[in-house]
Amino acid sequence: MSLMANRRPHWRTSGTPWVWLTAGTVAFSLILVLGVLGMVGYQGIIHFWPSSVVQISLKGNQGTALGEVAGSENVSVARLRDQGVQTPEGMSQVERLLLKTGNRKIYGFDFKWFNETDYDDLSLPPDVAVIEREEWGNFYGFLVGLKFDGQILKGERGQLELKLSEMMARRYEIKEKILRVEKSEMGALNYQMDKIRLERRKLELDQVPGSDPRFADLDFRVSELEEQYIVLGESLRELNQMIDRDSIEMITTQGEPVILDVKDLVRVYFPNNMNIFQKFAHYFAKLWEFITDDPREANTEGGIFPAIFGTVAMVLLMAVLVTPFGVVAAIYLNEYAAQGALTKIIRIAVNNLAGVPSVVYGVFGLGFFVYFLGGTIDSLFFEANAPAPVFGTPGLMWSSLTLALLTVPVVIVSTEEGLTRIPRSIREGSLALGATKAETLWRTVLPMATPAMMTGLILAVARAAGEVAPLMMVGVVKLAPALPVDGNFPFIHLDRKFMHMGFHIYDVGFQSPNVEAARPLVYATSFLLIILIISLNMTAIKIRNSLREKYNATET
Amino acid sequence: MNEIDVKYVTNIGEFDKSRRDKVRNLKDGLFGLFMSVGGVSVIGAILLIFFYLLYVVLPLIYGASIEKVFSIDGPRSESSLLLDIDEYDEIGLNIYPDGVAIFSSLLDEKIIKRSSLFPFEGPSETITSVAAGDPASRVYAVGTSSGRGNLFQAEYELTYPEDRRVIIPRINFPSGQEPLVLDSKGDAIRLVSGQFMDERGTVVSVTKDGRLLVTIITVETAFLSEDKEIVYETFQVNDTSKNLTEIRLDVEQRYLVTVSGGGIVALWDVSDPKRSNLVDKVSVVKPNEKISAISFLSGGISLVVGTGSGSLQQWFPVRDENNLYTLRKIRDFEPMPTEITNIKPEHFRKAFAVTDKGGNFALYHATANNKVADVVGLFDDLSTLAISPRSKAVLFADSAGQLDLFKVDNEHPEISLGALWGEIWYESRSEPEYVWQSSAANSDFEPKYSLTPLVFGTLKASFYSMLFAVPLAIFGAIYTAYFMSPRMRSIVKPTIEIMAALPTVILGFLAGLWLAPYLEKNLAGFFLIMLFVPSIVFLTSILWPSVPRVIRESVPDGWESLLLVPIVCLGIWSSLTLGTVIEIQFFGGNLPHWLNLHHGISYDQRNSIVVGIAIGFAVIPTIFSISEDAVFGVPRSLTMGSLALGATPWQTVTRVILLTASPGIFSAVMIGMGRAVGETMIVLMATGNTPIMDLNIFQGFRALSANIAVEMPESEVNSTHYRILFLAALVLFLSTFFVNTLAEVVRQRLRKKYANL
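Going down the list, the protein sequences come from chains C and A.
Under the numbering used here, the first residue of the first sequence carries the number 29, and numbering increases by one thereafter.
Under the numbering used here, the first residue of the second sequence carries the number 5, and numbering increases by one thereafter.
Please keep in mind that the hints were generated in silico from the structure rather than gathered at the bench.
Yeah, the Cβ is synthetic: ideal placement off N, Cα and C, and Gly gets one too.
Where hints are given, some of them may not hold.
Rough simulated footprint, nothing fancy, chain A against chain C, three-plus residues with beta-carbon under 8 Å [claimed, not checked]: (1) 53–62; (2) 464–472; (3) 534–543; (4) 555–561.
Listed below are the simulated DSSO-like cross-link pairs for lysine-lysine, each with C-alpha atoms no more than 27 Å apart in a straight line [unchecked claim]: (5) 140(C) <-> 205(C); (6) 465(C) <-> 31(A); (7) 578(C) <-> 117(A).
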């Protein structure tokens, strides 16, 4: 097997180059894997870093442009010409710079290419401010003045910055209160209102006469809720008035003055003037926002918390469903079923079901679970909701069930493998001591097979976390109004639609209006998903390896 | 410990023990029962998938059923000119020669409403012709013996007075109740056809003396008072053939079809009535035959022609290369036994009902070229029939005024083997094609359900991905299993296997948003990689013996791959750099543009190369892992024997290892292909998803799986579209299941063989 064979004169007949070629394919595959992981990792990690903002002055008195460098490339002049870009004569290639110029409301775009021949110098103005907003994307410009409480403050940056951070702190505080009132308190009221509506509908369906005291009771509860609603609305109005107080005055690089309301600002920072610690602090603040916040601006900004939550909730529910199913089926196949041709066929069939495309499971889930089972449940128990479906529409429960069905072969195969690995001597010893078959299984075999079950479960979870195609049919949405778990009874809402990280990647990357702006966020989401899935897989591999060692030890 | 056990045992009396054993045995039995029932039901639930898919698909292949529900007496015991039926199959409308329209209940024969269609001038004026227009708008045209006529519409309004469901029928006159003077000379109207839509109507009529007249009606609503003013004008078409036997106006009021001389069909463009021009005139039947019935299908594009001998044909105008329309025969249908008497189109589908002189009745679907159902020898004296709007019933009237209602269960007439897999000539297309187009904005659209382009797309995706993955994975597997040092193998194998766990949505995202634009910019560089990287590896293998011994020995046996990583990187980088230069030098700086310009090869950014690489990436670990196992499992004795006989390692690989492990490698490729066929997210994101059939590597496609993912959520439950998507899922299920089973069986055989060696 030694490659030293190539020392011989007839290295060509020995086929050494072929061996090298096979080695080359391994090298190529490794480069592919590591390249993909590396690229997603790099792009996902740097997204939150506060990159410097450059200013370029355009030739021919075109003024200046300001923005973050989003990329650069060498491109042939012919391609530019085909795209209708004016190009300099006598060059075959030109280097160009992609600037994220922000200020979409003013320019109408937020990314722009600049050919190196079109601008002179590149500078890093220290005073430039980057403003993340609730809508319209980032704003790049210079801070000129502050307006608060009817006063106007102008002056040098340091002074303004100090006061601005005070204003921002006040804004966060009020915003938080507004969100609490809007989301949890008013949300709870709406939920109760809806429940009362359903109760009334139910009474009507049961043909209870309108004079029944229960109707009066419902009316009373409604009026109570309405009173609470008015109180909340009042406090919301007050809060909104408070948050409307402040504004800041900015100037763009082209010299255009812009007034921004503080209530619309998410974050203001001066990247060219930050030291390394401030940059790290900013980085982790952004990362924290990404993991814990709701998305903004059609999912292209802000966090992905609902998607993470949805993925985890769906996968946990699936795990709860798939474990008993898979384990019971595996025990039956391995311990109780008569081992014959039929079991063999079933085993092959189960094994092959793991290779059936996931989209087929989605079709089945939609047809059988959602329309058939869900429709039946609705007509039996949720007549009051008609015509709005409760379970007869895609939702969390059906997604989990569909994925449980998709991954149950994985658990069965893995558990069976664990069961067959347990040495015969252990079962026979237990039986010889007078234990029944059930006791043998329950007390000795199953505990020993737990790691195998764990492996199967983890692999199932890893597979489920990355599946998107079936979920598109049975319950995932791009923006869910509420989490599947909240403070309203019964706390876990299995009928709700949910957000999912994988679908988030598809949706933001391919359906969003501003793909260029959303791309870094998609990389970050992808990176998070990859970390999650790879660590799950690694755990499974670790468990399997230790399991093998353990049994090899018992066998010898 | 022991002591306690002994005590415990001795403390239990004989009686107790037997009782406890009973409980234990009971528990054992229950446990076994639970496991068996649970196991069987879980396995059953998994297998349910197949049966459920089949259960949804099966109705597609059932034929239609026609069943007589009842027969009742009509409002009068005479033959009616026209018959109409409401959406719920509860009310029938009969129109009699004296201009009286009677709505009667089909449930209890009661007359609901009687109205007069026409204020006749005197006793001498009678209705001489009536014809149905577009079935969906329920427009009818009438003409009288004194050259007058009108348009009317049957309307059925569903109301709920006091929570009771009541259908109120009425006759509407879209162009006013006042009759229109169709012929200023007052000649009798022999044939009439009319349409009305969006405040504009057209009535075409043929007078007794053979003139062909076109009357254009416009309804103008006054600006403030909302009063309607009806304006109409009649033009004469210079038709040379005097003996017209049928006329039909299409729903768009653009084309007029006339039949003359027994079998000559002429197509007129009457959109500008001042200058009606003849588009085409063809003889559609054999010399000794004559046309006995003719009708537009819903949508007003296709014509169905029935002849005296019972044959049925479909015709429509087709645009030729000079942009001129000619009437072309599209298909022949299975003939009826005797002369065709009636052809009635369905309201929304391209289906129609036919009756013949022998009293036979049949339902056809045009696109599918399908005789869906028929009933033989039903009537002796049928006068007319009506199809209900939802196509769930057909109402017949005989010459004695008796009404027969037949229930029709005909959910999926548009499906036939030919419609699903064959080349079909669809309306408004210039030739037969394979097309998938499941929905459009208008209701009379002809759905195109050819699965062929989708299957083609799936095969194209898997072909290109296998082209990319198979060499890499199998060569890689051979090296990893046979040449690589164990320590490196223990790192490389899991690393590549981790790729299998990578969510395909991420690969799809990278392929669609990063690789596709990158490839477009570096196409030449990409082709250079395929050439350059293998050559640089070859070059290394040639130069390696001449490298100083010190360096050479620092790379231990079986670690060559690691050494090659920087070299391959270098190869890739230099190919990309060189590629840009080559593009500028030879291809005007833009290879895709150049390809299109000089060779007419169109280039999509999201094309088959991108998909091939991305899916290839996804299946490499599967193929790699299984074939690596197969190669690694080849018994040592075989390779040792071969080496001992003087074969070189490579000879051993090609003559011994590959041969022995080939079944395993085959099953690896099969399983990989199964994955490629079912891959959804990558094809969804990295192709344009246009269902075209083109082998061009630079173009996209639409795969079965992506099509399901895109269309399933929007498709209406139990519609034909829904069931076809289930069929697509079933096709995917069966093909992957078959491929995987084949692979599994081959693998098990191999395992047995190794065990014997």
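Evaluated hints:
Only residues whose C-beta sits within less than 8 Å of a C-beta in chain A count toward coverage, and the stretch 53–62 of chain C has 10 of them, enough to reach three; the restraint holds. Coverage of a stretch by a chain is defined here by at least three residues with a beta carbon nearer than 8 Å to that chain's beta carbons; for the stretch 464–472 of chain C and chain A the count is 6, and the condition holds. Counting residues of the stretch 534–543 of chain C whose beta carbon lies closer than 8 Å to any beta carbon of chain A gives 4, which reaches the threshold of three, so the coverage claim holds. Here the stretch 555–561 of chain C counts 3 residues with a CB under 8 Å from a CB of chain A, which clears the bar of 3, and the coverage holds.
Restraint check for residue 140(C) and residue 205(C): the C-alpha separation of about 38 Å exceeds 27 Å, so the hint is violated. Taking the CA atoms of residue 465(C) and residue 31(A), the gap is about 10 Å. The hint holds against a cut of 27 Å. In summary, the hint linking residue 578(C) to residue 117(A) is not supported, as the alpha carbons are separated by about 89 Å, beyond the 27 Å threshold.
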